[in-house]
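Okay, here's what each chain looks like letter by letter:
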Amino acid sequence: MDSEDDMHDANDAESVDDDFYSGETAMDSDDGDAADYEFIDNDSDDSNDLVSHRSQQNYTILNETDIQLRQEDDIMKIASILSISDVAAAILLRHYNWSVSKVNDEWFADEEKVRRVVGLLEEPRPLPNAKELTCGICFEVYPCDSMSSAACGHPFCVTCWQGYISTAINDGPGCLTLRCPDPSCGAAVGKDMIVSLASHDDREKYRRYFLRSFVEDNRKTKWCPAPGCDYAVDFIVGGGTFDVTCRCSYSFCWNCTEEAHRPVDCDTVSKWIMKNSAESENMNWILANSKPCPKCKRPIEKNQGCMHITCTPPCKFEFCWLCLGAWADHGERTGGFYACNRYEAAKQEGVYDDTEKRREMAKNSLERYTHYYERWATNQSSRQKALADLQQMQSIHLEKLSDKQCQPESQLKFITEAWLQIVECRRVLKWTYAYGYYLPEHEHAKRQFFEYLQGEAESGLERLHQCAEKELQGYLNVEGPSKDFNEFRMKLAGLTSVTRNYFENLVRALENGLSDVDAHGGTSRIGGSRSLGAGSSKGRTSRSKGTSARSSGSRNIDDSVHWSCEYCTFANAKSATICQMCQQRR
Amino acid sequence: MTDSSVSSRKVLSKIATNRLQKELTEWQINPPSGFTHKVTDNLQRWVIEVNGAQGTIYDNEKYQLQVDFPENYPMEAPQVIFLHPAPLHPHIYSNGHICLDILYDSWSPAMTVGSICISILSMLSSSTAKERPEDNDRYVKNCRNGRSPKETRWWFHDDKV
Ligand SMILES: [Zn+2]
Ligand SMILES: [Zn+2]
Ligand SMILES: [Zn+2]
Ligand SMILES: [Zn+2]
Ligand SMILES: [Zn+2]
Ligand SMILES: [Zn+2]
Ligand SMILES: [Zn+2]
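Protein chains in written order, with UniProt numbering: chain A, 1 to 586; chain B, 1 to 161.
Bound-form chain B, shown alone (with noise of 0.2 Å):
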C-alpha cells in the first residue's frame, strides 16, 4: 500500500494533470446537483461543498469534503474525507473518514471525482438514523497518528444503508 498523505504530496503526473483539467472543466460546464467546488490553484486538493439533499435527514445541512489526489490518479484512487464537522451517518466516523467501497477496493479509473460525489450523495440520502458507525470512538483513537483512510482494511458496512 502506497502510503497516499505521502503521495498526494507529490507532483501530480502528467496523466493526472490532465485528466484532472479535463475533470474540471466537465464539473464548470456541469457540475453534480448539490455539490459546489470553489475552484482555486490547487489541482491537487478539491474542497467540494455537500448540500443534504431535500427530504432527507441531512436536508438544509452543508458539509465539506476534501479531495486528495495520488501522483498517479485515476489509477490509483483519491483520499476522499469529510472536514470538521463530519455528517451523523453510520458509515462516516466522527473524523471524516467514509467507509465506501469504490474510495477503496473498488475503486476504477474510470470513475470521476462526479461519480464519487453522487455515490455519497446517495449514501447520505438513504440513511434514516443520525449516528455513529458502532466501532467509531476505536477506529478514530486508532487513526490519531494520522492515518490516512486508504491505509485502513475496511470492512464495508451494508450498503443497503
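Here chain A stands alone, though its shape is the one from the complex (with noise of 0.2 Å):
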C-alpha cells in the first residue's frame, strides 16, 4: 500500500475540487448539505438534516388521499380537453393505464375506433319503447320503469344488474372493465351506474380496486412494498438512482421492488436472492442466533449490533461474531482494525477448518459462498436490531439521557444521526457481500481493491456502532451530567462523519464498477487519487465530506508526515494541531 502519496494529495489540495461533485447523483450532491459538520464547530447549531435526508427527490410519496386527488384531476383533465363525462374519461384512462397523454393521442387519432375499442357509445339508447320488457338474465317481464340499461339501451332488471354488478366485482378487477351483459353487445358499464346498484361492501371493493388501478396500472407508481404500508411512490424515471424511501421508512428500489440495495445493481440482486433460497436450506444454521463461545464452548448469544462479542462471565473472552477470532486479533491480521471482510485472508489462517459444521461442508464453492452469506445475513440482522435502537432511542432513551446529561434534546440530534448512519451503512455492507461474492476471482486488482475498501468502510462503521451501542450506555447510567460528555459528543460525531466518508467513498467506487483501480494500476489508491479535495477546517464551503475517505488513520501512514486522530482515525497533515475532521487537539 503506497497510501502515502494519497494522503499527501490529500492534505496538500487546499481547494475543492470541482470535478469530484460535479455529476453526482442527486443524493450524493444533497448529502452535501448534510455534511458540514458546523456542530462541531459550533454547539449551538444542530441543525443538520438527516443521513437519509434528500432534497432533490426524483419520486413523491402519495397516501390514500392524494392518489384519489390525482386520479380525478386526471379524469377530469380528460373530461375537459375531450368534452366527454368523467364517467367516460374514467373507463379511457383505465383502458390506457391512466396515461393522460395517450388516451389524447388515441382519441384524437381516432375518436371512433377508441370509443369501439372500450364500449363508449356516442349516443346513448333508450330502453325499447315498451310497457314492458323481459330482462334478457331472469327472462322475467317487468314494467319498463323497473328496468335499466348501460348506454346501450339492453334492457335487465335491477335483481339481475344487482347480480352481474356483485359477481363481477367479487370475481377481481375486472370489475373496472365491465360490459353490458348482452354478449352481441361491448357496451361499457360505468362507475356510476355500479356504484349507484352496488351493496354497500361491493361498492367499498369497487372503490378500492379502482384506486389500487391507478397505482398499478399506471407506469409511473408503485405501492411501496413493504409490509402493511398504503403508501404509493411516484417516480419520475430518468437520472439519479433508483433507491427510495417511504414515508413509512422503508427503502426499496424502484425498479426491483426489492429492499434498497444501492451501490449493487438489481441484476445482482436477483441473482443473489435467488442464490439464498437456492441454499438455503444449507444455510439455516447460520441464521441461528446463537454460536458457542470459541474458548469455553458455551452458547453465546448475539444480542447486540456489532460484531464484538465478549463472552458471559468467568469467561469474558472477547471475539469476532463473524469469524470467532479473538478481537484482539482483528487489526493487521484481518485487514484493518475491526475489519472481518476477507475471506481469502480468513481462509489462510484455518478458520474455517474450526468447526465441525463447516467441514462437512467439503465444497469450497458453498464454503465461499458461506462467508459471503453470512455476513451478508448478520449485517442485515445488524440493521434490523440499529433500526429497533434507533426507535428506542428516539421514544425514550433520548429523554433519559437529556436529563441525566443535562442537556437540552435539540443537543443530543448527533446521536440519532450517528443511529441513521449506522442503519444506512449496515445497509450498504450488506449489499456488498452479495457484490463481493459476484466479483469474479481472477479480478485480483479489483477484488483487493474492493476488500479494501469494504474493510476500511467495516472497520470504521464497527467502531461508530460500538461506541453508539455500548459507550452511550455510559452515559445513560449515571447519577448527574458526565464532565467528558462533550468529548463523548465529539468522537461519536466523529466516527459518524467519517463512517460517512468512507461508506461514500465505497458506494462510489462499486457504481464506477471498481474502474479506478485500472486507472491507477493497482489497488494502493484508496477512492483514486482524482483529488479528494482535501478539507479546510473552515465549515460550509469545505464540503468536508470529500475530505477523509482515505486509509483508516491506524496503519500505513507515515508517522514523520501524518499524525492519526486519537478520536476518530483521521490522518492529519504534520502541521495540523487540530484534526481536520473532528476538530480535536491533537
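Do not rely on the hints blindly, as some may be mistaken.
Below, simulated EDC-like cross-link-like pairs (lysine to aspartate or glutamate); rule was C-alpha separation at most 16 Å, straight line [what the hints assert, rightly or not]:
{"no.": "1", "chain 1": "B", "residue 1": "Lys141", "chain 2": "B", "residue 2": "Glu151"}
{"no.": "2", "chain 1": "B", "residue 1": "Lys14", "chain 2": "A", "residue 2": "Glu112"}
{"no.": "3", "chain 1": "B", "residue 1": "Lys22", "chain 2": "A", "residue 2": "Glu140"}
Note that these hints are calculated values from the structure, not bench results.
Please dock the two separately framed chains into a single complex, following the hints provided.
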C-alpha cells in the first residue's frame, strides 16, 4: 500500500475539487448539505439534516388521499379536453393505463376506434319503447320503469343487474372494465351505474379496485412493498438512483422493488436472492442467533448490533462474531482495525476448519458462498437491531439522556444521526457482500481494491456502532452529568462523519465498477487519487465530506508526515494541530 | 374461484331454478337444431345429445354433453363437458373438457344452454382435422384428481378453428 501519496495529495490540496462533485447523483449532492459538520464548530447548531434526507427527490410519496386527488384530477383533465363525462373519461383512462397523454393521442387519432374498443357509445340509446320488457337474464317480464340498461339500451331488471355487478366485483379488478351482459354488445358499464347498484360492501371493494388500478396499472407509480404500508410512490424515471424511501421509513429500489440495494445493481440482487433461496436449507444454521464461545464452548447469543462479542463471566473471552477469532487479533491480521471481511485471509488462517459443521461443507464453492452469505445476513440482522435501537433511542433514551446529562434534546441530535448512519451503512455493507460474491475471482486487483475499501468502511462502522451502542450506555446509567459528555459528543459525531465518508467512497467505487483500480494501476489508491479534496476546517464551503475517505488512520501512515486522530482516526497533516475531521486537539 | 364441482352439488337458488325452468320450456318448444335433451327430474344436470352437422367431419356422429348448473346460475357459468367418448377435436380434450371462452372468462348471464350448444356445434363444424389438442396428455394427467374445467386457467386456442 502506498497510501502515503494519497494522503499527501489530500492534505496538500486546500481547494475543493469541483469535478469531484460535478455529475454526482442527487443523493450525493444532497448529502453535501448534511455534511458540513458545523455542529462540531458550534455546539448550538444541531440543525443538520438527517442522514437519509434528500432535498432533490425524483419521487413523491402518496397517501390514499393524494392518489385519489391525482386520479380525480386526471379524470377531470380528460373530461374537459375531450368534452366527455367523468365516467367516460375514467373508462378511457383505465383502458390506457391512466396515461393522460396516451388517451389524448389515441382519441384524436381515431375517436371512433377508441370508442369501439372501450365500449363508449356516442349517442346513448334509450330502453325499448314498450310498457313491459323482458329481462335478458332472468327472462321475467317487468314494467319498463323497473328496468335499467347501460348506454346501449339492453334492458335487465334491477335484481339481475345487482347480481351481475356483485359477481363481477367479487371476481376481481375485472369489474373495472365491465360491459353490458348482452353477449353481442360491448357497451361499457360505468362507475356511476356500478356505484348506484352495488351493495355497501361491494361498493367499497369497487372503490378499492378503482384506486388500486390508478397505482398498479400506471407505469409511473408503485405501492411501497413494505408489509402493511399503504403509501404509493410516484417516480420520475431518468437520472439519479432508483432508491426510494417511503414515508413508512422503508427503503426500496423502485426498479425491482427489492429493498434498497445501492450500490449493487438490480441483476446482482436478483441473482443473489435466487441463490439464497436455493441454498437456504444449507444456510439455516447460520441464521441461528447462537454460536458456541470459541474458548469455553458455551452458547453465546448475539444481542447487540456490533460484531465485538464478550463472553459472559467468568470466561469473558472477547471475540469476533463473524470469524470467531479473538478480538485482539482484529487488526493487521484481518486486514484492518476490526475489519473482518476478507475471505481469503480467513481461509488461509484456517478459521474455516474450526467447527464440525464447516468441515462438513466440503465444497469450496459452498464455503465461499457461506462466507459472503453469513456476512450479508449478519449485517442484515445488525441493521434490524440498529433500527430497533434507533426507535428506542428516539422514544425513550434521548429523553432520559437529556435529563441525566442536563442537555436539551435538541443538542442530542448527533446521537440520532449516528444511528441513522449505522442503519444506512449496515444496509450498504450488507449488499457489498453480494457484490463481493459476484466479483470474479480472477480480477485480483479489483478484488483487492474492493476488499480494501470494504474493510475500511467496515472497520469505521464497527467503531461507530460500538461507540453508539456501548459507550453511550455509560452516559445513560449515571447519577448526574458526566464531565466528558462533550468529548463523547465529539467522538460520536466524528465517527459518524468519518464513517459516512468511508461508505460514500465505497458506494462510489462500486458504482463505478471499481474502475479506479485500472486507472491507477493498482490497489494502493484509496478511492483513486482524483483529488478527494482535503477539507479545510472552515466549515460550509469546505465540503469536508469529500476529505477523509482515506486510509484509516490506524495504519499505513507515515508518522513523519501525518498524525492519526485519536478520536476519529483521520490522518491529519503534521502541520495541523487540530484534527481536520473532528476538530479535536492533537 | 369457486369449486364448481362443489357448488354444482349445492341446491339451485330460486333465481336459478326459475331461469332454468324458463330455459327448459323454451327448449321444449324450440330446441336448437342438432341437439336432443331428454328431460329428467334433475334440473341441475342436463345431458344433451349432439349430432354432428351434415357436411362436416362429424356428420352422423353422436356425442353427449353434460351440463351442470351452479347454485347461482346464470351469474356463474355452467360446467359443460363431453361425456366419454369425447369428439376428436383440436379444442376438446380426451377427458371431455372443452376449451371455449364462453364457458369460462367470457361467460355472460345473458347466455343460455341453447346459445352454448350453438357455439359448440359451430366449433365442431369448423374443424378440419380430427385430432386432440397438442397438450392433451399433460392436461388430462393434471386433471386426474377430478378437477373441473372451470378451475383451469385457460389460454384460449385460436378461435378460427
Ligand atoms: Zn332479471
Ligand atoms: Zn348492451
Ligand atoms: Zn412504505
Ligand atoms: Zn433494484
Ligand atoms: Zn466463553
Ligand atoms: Zn472477525
Ligand atoms: Zn479526529
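Item checked: Indices of hints not satisfied (ascending) -> Structure breaks hint 2 only.
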